[in-house]
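**Q** Starting from the known structure of chain A, arrange chain B on it as the hints suggest.
So the chains spell out like this:
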Amino acid sequence: MTSERSTGPLPDPGDHTLLQKRVDRRRALSILLGGAAIGTSAVAACAPLGATTPESKEARLLAWREYIKGNYRTMTEVERAETIARLERLAELKRGVDVTIQSTGAQPGVVFGYAFNISKCQGFRSCIEACINENNLDRRAATQYIRIFEMEDGVVDLDHADATFQHEVPAEGHFYMGTQCFQCADPPCVKVCPVGATWQEPDGITVVDYDWCIGCRYCMAACPYWARRFNWGEPEVPVAELNTNQHYLGNRARKAGVVEKCHFCIHRTRKGQLPACAEACPTGARVFGNLLDPDSEIRWVLANKRVFRLKEDLKTEPRFWYFTD
Amino acid sequence: MSDTVRATSPNVPSENQDAQAVESYLLSTLDPVGRGGRFWILGLLAVVAVGAAAWVTQLVNGLRVTEMRNYVSWGAYMGNFVFFIGISHAGTLISAILRVTDAGWRRPITRMAEAITVFALIVGAPMVLIDMGRPDRVMNVFIYGRFQSPILWDIVSITTYLTGSILYLYVAMIPDMPILARHARERGRSPRLVRLYEMMSLGYRESAEHRRRLALALGAMAAIIIPVAVSVHTVVSWVFGMTLRPGWHSTIFGPYFVVGAIFSGTAAIITAMAIFRRAYRLERYLLPLHFRHLGKLLLVLALLYAYFTLSEYLTAWYGGIEADRRLMELLAGNTAYGLTFWLWVVFGLFAPIGFLLFPGRRSIRAIVAASVLVNIGMWVKRYLIVVPTLQTPFIPAEAAGITPWYFPSVVEWAITAGAFAAFLLLFTLFSRLFPILSIWETAEDVDEARARHVRVPAVAAPQPGSAVRPAMLLVALIVGGLTLLAPAIPTNAVGAQEAARVELRRASEGEEDVLVAAVTVGGVPAPGVTVEFFAYRHLGLLALGEDETLDDGTAAVSFPRGLPGNLRGDIRFRAAVLSPDSLAGAAAETVMSGGVPARQDAGEPPRALWSTRAPTGLLVGITVLLLCVWSTYAFTIWQLMRLRGIKGG
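Chains A and B are the protein sequences, given in the same order.
Quick note: the first sequence uses our numbering, first residue 1, plus one each step.
Quick note: the second sequence uses our numbering, first residue 326, plus one each step.
Bound conformation, chain A alone (with noise of 0.2 Å):
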């Protein structure tokens, strides 16, 4: 066997071989009931079973070396280019669409940090949408990563608080509150991974690697804010609505089985642009910025506002503050 790797989507011999021995459906079928280790893999992997074109067979060998790699973190700069080739080729071949998937790393003195203007915020949720838009968020199951909760003016009364609110506003009396992942800089939910499939990246933003997460969801029940979302189903994106420009600890498509969270849309905010909920907020309520800049929006607004976090007698130390005008 030639030991010789090749960069693009060729498949080696020794693959080759192993891929040509499950050929008919019996077998399929048999490994399908028996093996439970196997799983849901091979039912992913069988899934384009019959027909042998050579696309077919690419993809399967190109989803079989996606599904041996290894965690994110521990990977080298060239499997890092080589498991991004092998993703985008995937999503050629399957769905027929051209994807961008960076790498993007933390930039170095950048720490994000997020604050919300509730008495800017009118509840009309074009921040939700930029989200889904932006993110690929499964449309089937609905998922959503911001909430926008309408509550009477007062008090941040959460237990009377309405996401669900199907009338014009801004409301009479009433005023507007999202709620999206705070990024703490203390997670409860990395503590608990028992995979290390999620963690903090150096800008503080608590990232998910799709390809590791074992599901077992102990993260979400971690999460007081509930800011982590389950792929229940395989996740539906229709390809023309489908966000391109991804990275791989981002907006990328997820399988099902395995957790996704806000990201603070890492694939455009290490680049230097807003995400995409800031940039869609028609009310400048939503102000993003750089932590370790002082002179930075964010700064501002700490050291000038009257500000909070919710829950912040958890002591998770959210990266997330609401102020006031």
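These are calculated hints, taken from the structure and not from any lab test.
This list has only true hints and no planted wrong ones.
Using C-beta positions, here's what the derived DEER-type ranges look like:
1. B:Ser636 <-> A:Asn245: 50 to 58 Å
2. B:Leu892 <-> A:Val307: 28 to 36 Å
3. A:Glu129 <-> B:Gly946: 43 to 51 Å
4. A:Arg306 <-> B:Ala868: 23 to 31 Å
For lysine to aspartate or glutamate, the following EDC-like pairs were computed, each having C-alpha atoms within a straight-line distance of at most 16 Å:
5. A:Lys311 <-> B:Asp649
6. A:Lys311 <-> A:Asp157
7. A:Lys69 <-> A:Asp209
8. A:Lys315 <-> A:Asp186
9. A:Lys94 <-> A:Glu66
10. A:Lys311 <-> B:Glu647
According to the in silico footprint, chain B covers these stretches of chain A (three or more CB under 8 Å from chain B):
11. 98-111
12. 188-194
13. 206-215
14. 287-296
Nothing here was measured: the structure is a model prediction, and the numbers come from that model.
Glycine included, every Cβ here is placed at the ideal spot set by N, Cα and C.
**A** Structure of chain B alone, referenced to chain A:
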């Protein structure tokens, strides 16, 4: 129960029993099953098959087939897990504690108890696997396990417990093996079965030296399995207790779960005793005395559990912190959960206590009824620990427009039924292969002459150089070196319009550093041009000020002090022409040093619960505990290995 009990006096083994009679009677339980037995086994197999089919459905379609959703993200599977791990405590308590304290009446029930432990673990532990979204990636736990996660503690302690309880069950079975081999040979059973028994006997014979070795092994296991069992249920409770959830985040959760486990485990033993007593006609050995002793224990545990429950929920309700109050309204208020909770209090707690306090004349029936109620009740209670808490997060459910109601789907019920059937099936098959009452121990009970040769030694000292392989050491903690790459930003001037050209540089003006932009049009300095200066930040531009060019075509602002730069302290500046309009748009960008270098944090994050590397104390603690336990296992195995070498008999 047909009460044609053969025992004449309830407390004394009746008739002229001797070791021989015990042996032949107990061996008769291994006779081929009748029609009823076959139907029982086939029925269980059918239910297991339904459960397996349900699991395949779930593997193919994903967890969508369950009723769990983002709010209630754990459900019946976790309830099953806690329940089975709970009843697995039967074996430890009854067998190990009674063995350590040398309570004579334990003998006929030890094997049953130990078997419950093993099978409950075998069925209960995979519940977590079934609950996982990606069970195919379970190996990640071993490749990249984080010891900061209570799930890892669970995996380690349950593995340790399962290994230990299999070993413990087996050690206590060894003296029966030669008897079984002889019996199988006499009856002309399959040679393979005979070989199995012979292999499992490890050459054990009735001799003083063999007995001594076995007692040593058994004593060591009995002593070590108690703390292991306590740790297992404590750790299971910590999976819940370590989160910040109302109803879970409680300091009494460890002991609360341990007591609940022993409670349900004792009830499981009594139930199993009643079933086997009837199925195998064991009234002669499973006496009312055994039921009464265990009944008393069950009563104490019921009262203890009631006390813990009161303490836990009264505190939460009285204190009335927002999240606790919401939980208590759901759990004990006018809701479906409230109804279930109070039904449990009445039928799962008070009714058994009543039965046990006043057993009346037909005491066995009352005690067994209490046990069955406790078993059902404890499953319900586990469910009530898992689900309502998930339904009351800090950010209230109703507000988010999601109905947070959860009731297991058909698939979840099928898998649950399959799990219970698998447990019963394993137990049944076990009792077909090995007598469910320990022959040698029961014989001990009736044969005074042989009594008391099992002495319990002090806790075995760890053996140096033994083949201890704690799971800890197998799992390498890989530290992710996070390399922050310093982007090398090239200097490039963006000359926009052919007419105007801007050059940006740093200069000293007296004592002050300034940022100077020189504007030229066609090579000639352009005066009276307004130039705005910026510094690039990670998100957008920071305006530094504007200035009008002098006659030499230069405009300047003071060089900003203390502005954060990149790793080398470089900052990218921009100068852009604002007016006149004819020149607007011309701009220049230059990267200059003079900023505060960004701190590059060391590649390794601190040792913290949330970071990659576990705190040292945690690792040391887990390692020491595991070393203690596994070296005791090694000691036991070493004793067993030497059984064959013993001469004489």
